[in-house]
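Student: The residues making up each chain are set out below.
2 protein chains.
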Amino acid sequence: MTPNPFSPDTKRPKTTEGVFSAAEVGLANRNSGLLLETLTRDITPTGAHYLLNHFDVPLIDEAEHRLSFSGAFDAPYSLTMDEIRALPTETLPVTLECAGNGRAGVSPRAYSMPWMYEAVGTSEWTGTPLAPLIARAKPQNDVQDFAFTGADFGFDKGQPHAFGRSLTPDELAALDVMLIWGMNGQPLLPQHGAPLRLIVPGWYGMASVKWLTDISALTTRYDGFQQVQTYRFRKDENDPGRPVTTIRVKSLMAPPGVPDWISRERWLEPGRVTLRGRAWSGGGTPIARVEVETPEGWQEATLDAPVGRYAWTGWHLDWQATPGRHVLACRATDAEGRTQPIEPPFDMAGFANNAVQKTVVHVAQPDAIQKDS
Amino acid sequence: MTPNPFSPDTKRPKTTEGVFSAAEVGLANRNSGLLLETLTRDITPTGAHYLLNHFDVPLIDEAEHRLSFSGAFDAPYSLTMDEIRALPTETLPVTLECAGNGRAGVSPRAYSMPWMYEAVGTSEWTGTPLAPLIARAKPQNDVQDFAFTGADFGFDKGQPHAFGRSLTPDELAALDVMLIWGMNGQPLLPQHGAPLRLIVPGWYGMASVKWLTDISALTTRYDGFQQVQTYRFRKDENDPGRPVTTIRVKSLMAPPGVPDWISRERWLEPGRVTLRGRAWSGGGTPIARVEVETPEGWQEATLDAPVGRYAWTGWHLDWQATPGRHVLACRATDAEGRTQPIEPPFDMAGFANNAVQKTVVHVAQPDAIQKDS
Chain C
1 MTPNPFSPDT KRPKTTEGVF SAAEVGLANR NSGLLLETLT RDITPTGAHY LLNHFDVPLI
61 DEAEHRLSFS GAFDAPYSLT MDEIRALPTE TLPVTLECAG NGRAGVSPRA YSMPWMYEAV
121 GTSEWTGTPL APLIARAKPQ NDVQDFAFTG ADFGFDKGQP HAFGRSLTPD ELAALDVMLI
181 WGMNGQPLLP QHGAPLRLIV PGWYGMASVK WLTDISALTT RYDGFQQVQT YRFRKDENDP
241 GRPVTTIRVK SLMAPPGVPD WISRERWLEP GRVTLRGRAW SGGGTPIARV EVETPEGWQE
301 ATLDAPVGRY AWTGWHLDWQ ATPGRHVLAC RATDAEGRTQ PIEPPFDMAG FANNAVQKTV
361 VHVAQPDAIQ KDS
Chain Y
1 MTPNPFSPDT KRPKTTEGVF SAAEVGLANR NSGLLLETLT RDITPTGAHY LLNHFDVPLI
61 DEAEHRLSFS GAFDAPYSLT MDEIRALPTE TLPVTLECAG NGRAGVSPRA YSMPWMYEAV
121 GTSEWTGTPL APLIARAKPQ NDVQDFAFTG ADFGFDKGQP HAFGRSLTPD ELAALDVMLI
181 WGMNGQPLLP QHGAPLRLIV PGWYGMASVK WLTDISALTT RYDGFQQVQT YRFRKDENDP
241 GRPVTTIRVK SLMAPPGVPD WISRERWLEP GRVTLRGRAW SGGGTPIARV EVETPEGWQE
301 ATLDAPVGRY AWTGWHLDWQ ATPGRHVLAC RATDAEGRTQ PIEPPFDMAG FANNAVQKTV
361 VHVAQPDAIQ KDS
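These protein sequence lines map, in sequence, to chains C and Y.
Residue numbers 1 to 373, in this note's numbering, belong to the letters of the first sequence in order.
Residue numbers 1 to 373, in this note's numbering, belong to the letters of the second sequence in order.
All the given hints hold, so there is nothing to weed out.
If several chains are the same, the list does not tell them apart, and a pair holds so long as it fits within one copy or across any two.
Below 25 Å or equal to it, Euclidean Cα-Cα: the simulated DMTMM-like pairs (lysine to aspartate or glutamate) are:
1. Lys157 / Glu37
2. Lys157 / Glu265
3. Lys138 / Asp82
4. Lys358 / Asp304
5. Lys138 / Asp170
These are computed hints drawn from the structure, not numbers from a lab.
Start from the sequences and build out the full structure, keeping to the hints where you can.
Tutor: Okay, here's the thing in structure tokens:
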């Protein structure tokens with residue numbers, strides 16, 4: 001796996017600050033974020049869920065698609081899509097978040113997709129549990145990793161590879177991993193991994209491999225690029241790092257009032273406004289509380305019932321908005337007592353920044369925000 | 001319509017160069033571009049169509065939604081969504097492009113959504129022709145404009161307004177304007193204007209008002225913000241400008257080979273590669289030719305049948321790729337002889353930049369781009 005000398009990436013800056021480069025903007029134009037106003041809905045509208053794809057979307061003919069179980073299995077096999085859809089079917093709401101969400105708030109900033117708050121979403125995913133299918137292939141006793149390979153292929157840091165990730169047998173036993181072919185009651189869309197993807201509930205999105213073609217049992221540890229060379233928390237260049245796994249506790253507010261088109265700062269009238277949003281944590285851990293900061297200080301929001309074990313929880317709080325410019329914030333704490341930091345935690349790659357969201361609102365008399373006649 | 005003194009926009013820069021601001025990146029994260037690899041398909045996959053929304057997406061209960069015909073009509077009326085869906089129904093493939101597509105390539109660059117090439121897409125739109133519905137309301141003889149108002153509301157340059165646009169009676173008679181409630185065989189998605197929007201085929205996207213609530217007949221010219229204060233071609237601050245209307249001739253190439261994740265530069269093996277893409281023009285004008293530039297010079301591509309009168313035309317050309325770094329380009333000419341410029345045309349707001357797309361490809365021996373083992 002020799003780095004390619006032609007790759008522009010071998011010369012790319014590791015981190016950057018302040019203003020953004022054309023390459024970062026190109027990624028932002030291509031990848032798409034949640035529309036924050038849809039946080040009022042339990043399920044993110046189809047097409048408004050965040051999307052982060054490393055390479056090109058493979059446009060796959062599902063009639064030709066096969067999922068193979070290969071490597072250190074005693075009973076390797078493969079399945080067509082028709083065979084997969086005939087398996088026991090479940091539908092599960094799952095909140096997915098990109099490991100890079102919040103990267104643009106970390107300083108210095110890693111040179112990558114410059115997410116702010118919007119790389120999250122919740123869909124109803126339809127598919128079948130993966131564990132019984134792996135058991136059916138009879139993994140050999142000395143298997144150390146199951147490698148999941150997608151059909152998407154390209155270069156990162158000069159290294160060509162298909163997107164791939166792995167889970168150990170222990171991880172697989174502990175997680176409710178699903179093979180997915182449906183999303184919000186419709187066939188999976190190409191850009192979300194059609195015809196077949198993984199969903200690893202409770203983990204950041206990189207684990208939920210799209211366009212899944214092969215599950216391989218390995219008697220050594222998997223060393224794919226996306227497993228060992230990225231998606232690791234590192235403090236500096238010499239830090240071997242720790243793998244990024246479960247989602248950190250986080251919350252977002254659906255921005256109240258109406259926006260300014262460019263700045264997205266908000267405008268609302270004085271008086272009672274119900275602030276609403278969502279909170280979630282990883283690994284199936286429930287949300288214990290959400291606090292909201294207004295000019296009157298931090299107050300505890302009311303929690304709705306969770307949308308599902310692996311899906312976000314709605315929250316709301318009535319606020320008496322008073323004239324002026326204010327910065328609103330929200331902070332979630334999960335059932336294991338983990339809470340969001342006020343300032344972004346540093347990570348070399350800007351992974352898992354779960355610092356509190358800040359929303360700028362301008363509260364003004366109605367005549368300043370009247371409808372255009 | 002007094003500019004609001006609190007608005008951050010009153011102080012925003014008019015134009016900028018080189019690096020990008022956080023506000024521009026915020027817009028790029030929120031709005032989403034076409035995935036260029038889907039240019040191989042006649043119809044853009046749902047959710048991969050470009051999206052540009054000025055304000056928040058209104059989440060509308062369609063059971064409560066009404067379209068009203070108001071103002072200088074002799075027989076004003078309103079319709080429920082059930083009544084609208086019972087009207088004569090047509091499905092039409094239409095290519096939509098944002099007027100700001102290509103803005104990031106114009107220098108100096110307007111401070112707004114920094115589109116590069118990706119603000120375009122083609123969907124199958126289902127709805128009913130608008131003209132008979134306006135006729136049924138009996139416009140008075142002195143009507144000068146029909147104003148179309150959406151449910152989306154916010155601020156631009158300190159001025160609060162609902163998104164609105166207008167067409168004159170002559171424009172309405174000349175254009176095949178549709179009232180739309182379906183997209184690609186499914187109900188219209190919230191972010192694309194559900195439950196009801198306009199499609200103005202052949203014009204840039206700003207004319208296709210989403211979340212349509214009211215059509216008003218005016219005996220004066222419409223002076224809404226989005227009609228008179230923006231979407232005008234202007235050379236400088238003192239230029240009163242000309243309105244942005246029909247789409248300019250343009251073409252794009254589906255990037256060949258595989259991408260580098262960050263730079264999106266492409267990698268492919270030497271040998272024959274079929275270059276493919278799309279070309280389109282405005283006002284229903286067909287595409288006459290597409291030329292493709294390779295290291296061997298400009299060559300004429302083969303055109304497919306157009307997808308529809310108002311939809312793009314596929315093209316392809318076989319190229320013998322030779323090792324090295326190359327810049328590929330494509331250039332369309334329409335049936336009225338208009339062709340794409342090589343360099344971006346200047347406009348204050350960066351509207352309608354139809355300069356040729358450039359795609360950087362690295363052609364290397366297979367061992368440099370082998371699949372990661």
